[in-house]
Amino acid sequence: MGEIILEARDVRYRYPHGMEAIRGISFHVRRGEKVALVGPNGAGKSTLLLMFNGMLRPDSGVLLFDRQPIRYDGKSLRELRRRVGFVFQNPDRQIIAPTVYQDVAFGPTNLGLPDGQVRAAVDAALRNVGLTGFERRPPHQLSSGEKKRVAIAGVLAMDPDLLILDEPTSNLDPAGSEDIMELLEELKANGKTIFISTHDVELAYPWADRVILLRGGEILQEDSPDVAFGNTDLVRKARLSVPVLLDLHQELERRGLKLPEKRPRTVLDMVNAIEQVSRKGASSPLYGTIHVCNVDETGQEGLSGWLSRHDGISLGAMGTRAKQRASDEGLTLDFSYGVIDKCILKALNGRSSLILTVGGMVQQVERRVTAFQEESGAEIPVREVERT
Amino acid sequence: MDVLPMYEELLEDIAQKNGLREVNPHLKLAGALGAIFLCLLSQSYIAPLAIALLLSGGILLLARVDLRTVGELYVAPFSFALMSVSVIILLAGGGQPFWSWSPFPWLAFSITRGSINEGIFVLCRVAGGMSALIFLALTTPMTDLFIVMRRCRVPEEVLDLAMMIYRTIFMIMDQLVQAYQAQRMRLGYTSFRESVRSFSMLCGSVFIASWIAGEDLIRAMDARCYSGKFAMLGEIQPVEAKPLLAVIGFLLVSAVIVVLTGRITAI
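As you go down the protein sequences, you meet chains P and C in turn.
According to this note's numbering, numbering within the first sequence proceeds without interruption in unit steps and concludes at 388.
According to this note's numbering, numbering within the second sequence proceeds without interruption in unit steps and concludes at 267.
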């Protein structure tokens, strides 16, 4: 884990003529972490988030960014807001300009970058969120998911260290939500720290490294997701629900099933746990292979040739650029989110699969599979598709 | 009226995906403004009529906008023009009278050769000018025109304001439609009294909504390091040979018609 990037020390805030919205909150976020702030409506999530980039100033207590107390003069605030990117809940409220290009360029232009750098920043941000080619479109013609991506790109263009997203998946359909969560995963892989607020426990549970339960302006609990959500009393107090997988795990344990100690975060964890119980003593089965293809380094013939030699293989894509490539080549994806887990599930069932991805994500596949291997003992082969 | 008409959105949407979207906006603007200028310059009805036909042809065949949409757009200005023209025909004079009526000693209506010529001339001018404007509206989205405006040194403040208004219009439009539908669903416009009441409430709620949107806009700009600069504009399509020649050809042909037709009248 990295050093502390954001810290709150006994922060309090009262709205003018209103009740106290934040009642003495202390916590910290480390570089490279994915933290979810979870709480019911009116818990003070948005209020707290707005303090992180200096939009609201606490009445008492200190907020530290990069170990420096936040200062509230114009110049310091601008620097803070460049390094702490804030994505509003409603993208329509965040998108200002009449075209996608102009909107994403808004931040860099105001930072005083020369035209060439602005262009480069915008291009990179749009590529990151998978909206290359949308430059001249007006935002009101985009879908909710695309608008959300524009809003995220607008923040990414300033190259922040910490990304704060207020309810990133509200108003999105399930596929749109998964796309956004996948995008956040990708951004984390690129070294960003990500802090989201949500009341969707199913979303936060598998995604977050750490969960902060908030209720009535106070922190109820702060821990890894399986511990934080595992405390039924607290979860009920916070007007949330226990994630289905955790609930299932607890119910099975109550029925005397001896499941592994570690609580399942994903369907894969759960399947693995159940298989370990049911397969005890049986001979080890034959696993499928997970093939990984770096689309940046594989030409079209290479990929289509490979696919024709491996007919009927399951296909998944990780990352916006890989998905773009798949749709460009008219490939039908079997998985587009939670891809590694789904491919491991296939492999456990003796089936092979191919993951299309880019750059640094290739190692992520290997890391995840190795971690799974250490946990379950299942030796699943991972092979990189030969570059052409 | 079951659904609110949304011409602004409609026009802009058509412009965003019309067949001439990729043509340099300077060219389209030059074509349209040149056409209006020639319409005003011409002393005969023939040149404006030719311009109207050429540009309508361009809208239908090159921009590939469907006939129905274009027709609907022409209806409103033309009904106004027809009304004004009928008054001109009755009041203007000159030349051989075909019909006249004098209900009072101080008031006379007459239809003469001169008044008919004048009426046709005005109608054709309106047609030429309107088709130039409609051509511009249907082929060039606002977002492209902003770039042209900046190149033409329109003051930054005016332009920034125009761009913010453009962006906000669609959001407020959405709110308006939603509030209006909510009112209709609860039978808000069944009687005249009820309509007046509902309409005033609609205005009030949209006002408040735009106020809130304004405050949010300031917050959004602050959160994104606003320092007085609105984002610079993107690139525009380069001038290509074919459309350039087409615009020059169109303006030349129109100018030649203007010169050749001189003062030719309809009858």
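One should not assume that every hint holds.
[Said to hold, decoys possible] Covered stretches of chain C, as calculated for chain P (at least 3 residues, CB under 8 Å):
| id | stretch |
| --- | --- |
| 1 | 11 to 24 |
| 2 | 79 to 88 |
| 3 | 176 to 189 |
[Unchecked claim] Pairwise CB distance ranges, derived in the manner of DEER restraints:
| id | chain 1 | residue 1 | chain 2 | residue 2 | range |
| --- | --- | --- | --- | --- | --- |
| 4 | P | Asn190 | C | Leu60 | 30 to 36 Å |
| 5 | P | Asp115 | C | Leu60 | 36 to 42 Å |
| 6 | C | Cys203 | P | Arg367 | 58 to 64 Å |
| 7 | C | Phe207 | P | Gln117 | 22 to 28 Å |
| 8 | P | Ser143 | C | Cys203 | 28 to 34 Å |
| 9 | C | Leu33 | P | Pro114 | 32 to 38 Å |
| 10 | P | Val267 | C | Leu187 | 45 to 51 Å |
| 11 | C | Ile264 | P | Ser143 | 27 to 33 Å |
| 12 | P | Arg127 | C | Gln43 | 56 to 62 Å |
| 13 | C | Ala76 | P | Asp334 | 51 to 57 Å |
| 14 | C | Gln178 | P | Val267 | 48 to 54 Å |
| 15 | C | Ile208 | P | Arg83 | 30 to 36 Å |
[As the list claims (entries may be wrong)] Far from chain P by the CB rule (all over 10 Å, computed), these chain C residues:
| id | residue |
| --- | --- |
| 16 | Gly57 |
| 17 | Gly71 |
| 18 | Ala92 |
| 19 | Arg153 |
| 20 | Met171 |
| 21 | Ser227 |
| 22 | Lys229 |
| 23 | Gly249 |
Hint data in this document are derived by calculation from the structure and do not stem from the laboratory.
Computed from a prediction, not measured in an experiment: that's the story for all the values here.
Backbone N, C-alpha and C fix where the C-beta goes; we use that ideal spot for every residue, glycine too.
Consistency of the hints with the structure:
1. 11 to 24: holds (count 3)
2. 79 to 88: violated (count 0)
3. 176 to 189: violated (count 0)
4. P:Asn190 - C:Leu60: 30 to 36 Å: 49 Å, violated
5. P:Asp115 - C:Leu60: 36 to 42 Å: 39 Å, holds
6. C:Cys203 - P:Arg367: 58 to 64 Å: 59 Å, holds
7. C:Phe207 - P:Gln117: 22 to 28 Å: 41 Å, violated
8. P:Ser143 - C:Cys203: 28 to 34 Å: 30 Å, holds
9. C:Leu33 - P:Pro114: 32 to 38 Å: With Cβ atoms ~34 Å apart, the hint holds.
10. P:Val267 - C:Leu187: 45 to 51 Å: Since the Cβ atoms of Val267 (chain P) and Leu187 (chain C) sit about 49 Å apart, the hinted range of 45 to 51 Å holds.
11. C:Ile264 - P:Ser143: 27 to 33 Å: 55 Å, violated
12. P:Arg127 - C:Gln43: 56 to 62 Å: Since Arg127 (chain P) and Gln43 (chain C) have Cβ atoms about 57 Å apart, the given range 56 to 62 Å holds.
13. C:Ala76 - P:Asp334: 51 to 57 Å: 53 Å, holds
14. C:Gln178 - P:Val267: 48 to 54 Å: 39 Å, violated
15. C:Ile208 - P:Arg83: 30 to 36 Å: 35 Å, holds
16. Gly57: 27 Å, holds
17. Gly71: 24 Å, holds
18. Ala92: Given that every Cβ of chain P is farther than 10 Å from that of Ala92 (chain C), nearest at about 45 Å, it holds.
19. Arg153: For Arg153 (chain C), whose nearest Cβ neighbour in chain P is about 18 Å away, the distance exceeds 10 Å, so it holds.
20. Met171: Incorrect as stated: the minimum Cβ-Cβ distance to chain P is 6 Å, not above 10 Å.
21. Ser227: 5 Å, violated
22. Lys229: 5 Å, violated
23. Gly249: Holds, because the least Cβ-Cβ distance between Gly249 (chain C) and chain P comes to about 28 Å, which exceeds 10 Å.
Of the numbered hints listed earlier, those contradicted by the structure are 2, 3, 4, 7, 11, 14, 20, 21, 22.
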